[in-house]
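Participant: The task is simple: from the sequences and hints, build the whole structure.
Letter 42 of the sequence shown, counting from 1, is numbered 42 in the UniProt record's numbering, and no numbers are missing.
Treat each hint with caution, since some may be false.
Restricting the straight-line Cα-Cα distance to at most 25 Å, the calculated cross-link-like pairs of lysine to any residue (SDA-like) are [as the list claims (entries may be wrong)]:
no., residue 1, residue 2
1, Lys-93, Glu-64
2, Lys-10, Asp-73
3, Lys-88, Gly-70
4, Lys-63, Ser-26
5, Lys-93, Arg-74
6, Lys-63, Asp-52
Taking CB as the label site, the calculated pair distances span [as the list claims (entries may be wrong)]:
no., residue 1, residue 2, range
7, Asp-52, Lys-21, 14 to 20 Å
8, Met-126, Asp-73, 18 to 24 Å
9, Asp-35, Arg-114, 14 to 20 Å
10, Asp-35, Asp-62, 33 to 39 Å
11, Asp-135, Gln-103, 20 to 26 Å
12, Lys-10, Asp-84, 22 to 28 Å
13, Glu-17, Lys-122, 29 to 35 Å
In case anyone wonders, no lab produced these hints; they're calculated from the structure. Using N, Cα and C, we set each Cβ at its ideal position, and we do this for glycine too.
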Amino acid sequence: MTTENICIQKYRHSDREQILKVWERSVAATHHFLDPGDFEEIRKLVHGIDFDQFEVYCLKEDKEVVGFIGLADRKIEMLFLSPDHFGKGFGRKLVEFAVSAHQTDSVDVNEQNRDAVEFYEKLGFMAYERRETDDLGFEYPLLRMSLDRV
Numbered sequence: 001m002t003t004e005n006i007c008i009q010k011y012r013h014s015d016r017e018q019i020l021k022v023w024e025r026s027v028a029a030t031h032h033f034l035d036p037g038d039f040e041e042i043r044k045l046v047h048g049i050d051f052d053q054f055e056v057y058c059l060k061e062d063k064e065v066v067g068f069i070g071l072a073d074r075k076i077e078m079l080f081l082s083p084d085h086f087g088k089g090f091g092r093k094l095v096e097f098a099v100s101a102h103q104t105d106s107v108d109v110n111e112q113n114r115d116a117v118e119f120y121e122k123l124g125f126m127a128y129e130r131r132e133t134d135d136l137g138f139e140y141p142l143l144r145m146s147l148d149r150v
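Facilitator: What follows is the structure in structure tokens.
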């Protein structure tokens, strides 16, 4: 996807520091429910991720990473935007790219992140399962959502 100064590109190692900054700013703006100690532990784990092991795509504006999406097995594993790019259609662009180019049809969302739940619902995803803990075992309920293709 390219429109003037905005494009979606496959992750390169040179994008790493920018996506880590986007992740941190995005989580700080949206995950107010996280205990500070849990945030620090998750932050360390994220900084240890080898992003080359996922299908990661960066949304760039003027060559700067302003968002990214990570995919594995038709599932959105991560989607984060710089807070100053919220509400401008960039998240939608990343999800639509994932659905059309990679047949992505599922995502897990923190139940307490109501804006994210509503975002995915607007894009046609529906919750089909609720878990009491996240994938790391933290007590943050997860909603498993799938794309309603009916």
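Participant: Please verify whether Lys-88 and Gly-70 have alpha carbons no more than 25 Å apart.
Facilitator: holds, 20 Å
Participant: Quick one, are Lys-10 and Asp-73 close enough, alpha carbons at most 25 Å?
Facilitator: Since the Cα atoms of Lys-10 and Asp-73 sit roughly 17 Å apart, the hinted pair holds (cutoff 25 Å).
Participant: Can you confirm whether the C-alpha distance between Lys-63 and Ser-26 stays at or below 25 Å?
Facilitator: The given pair, whose Cα atoms are some 19 Å apart, holds under the 25 Å limit.
Participant: Quick one: are Asp-35 and Asp-62 within 33 to 39 Å, going by C-beta?
Facilitator: holds, 36 Å
Participant: 20 to 26 Å was suggested as the range; check whether the CB atoms of Asp-135 and Gln-103 agree with it.
Facilitator: With a Cβ separation near 22 Å, Asp-135 and Gln-103 satisfy 20 to 26 Å, so the hint holds.
Participant: Is the hinted range of 14 to 20 Å satisfied by the C-beta distance from Asp-35 to Arg-114?
Facilitator: holds, 18 Å
Participant: Holds or violated: are the alpha carbons of Lys-63 and Asp-52 at most 25 Å from each other?
Facilitator: Given that 25 Å is the threshold and the Cα spacing comes to 20 Å, the pair holds.
Participant: Are Lys-93 and Glu-64 close enough, with their CA atoms no more than 25 Å apart?
Facilitator: holds, 16 Å
Participant: Range hint 18 to 24 Å: satisfied by the CB atoms of Met-126 and Asp-73?
Facilitator: holds, 19 Å
Participant: Is 29 to 35 Å respected by the C-beta to C-beta distance linking Glu-17 and Lys-122?
Facilitator: holds, 31 Å
Participant: Cβ-Cβ distance between Lys-10 and Asp-84: within 22 to 28 Å?
Facilitator: Since the Cβ atoms of Lys-10 and Asp-84 sit about 24 Å apart, the hinted range of 22 to 28 Å holds.
Participant: Take the C-beta atom of Asp-52 and the C-beta atom of Lys-21, compute their distance, and say whether it sits inside 14 to 20 Å.
Facilitator: holds, 18 Å
Against the hints set out earlier in the document, no violation occurs for any number.
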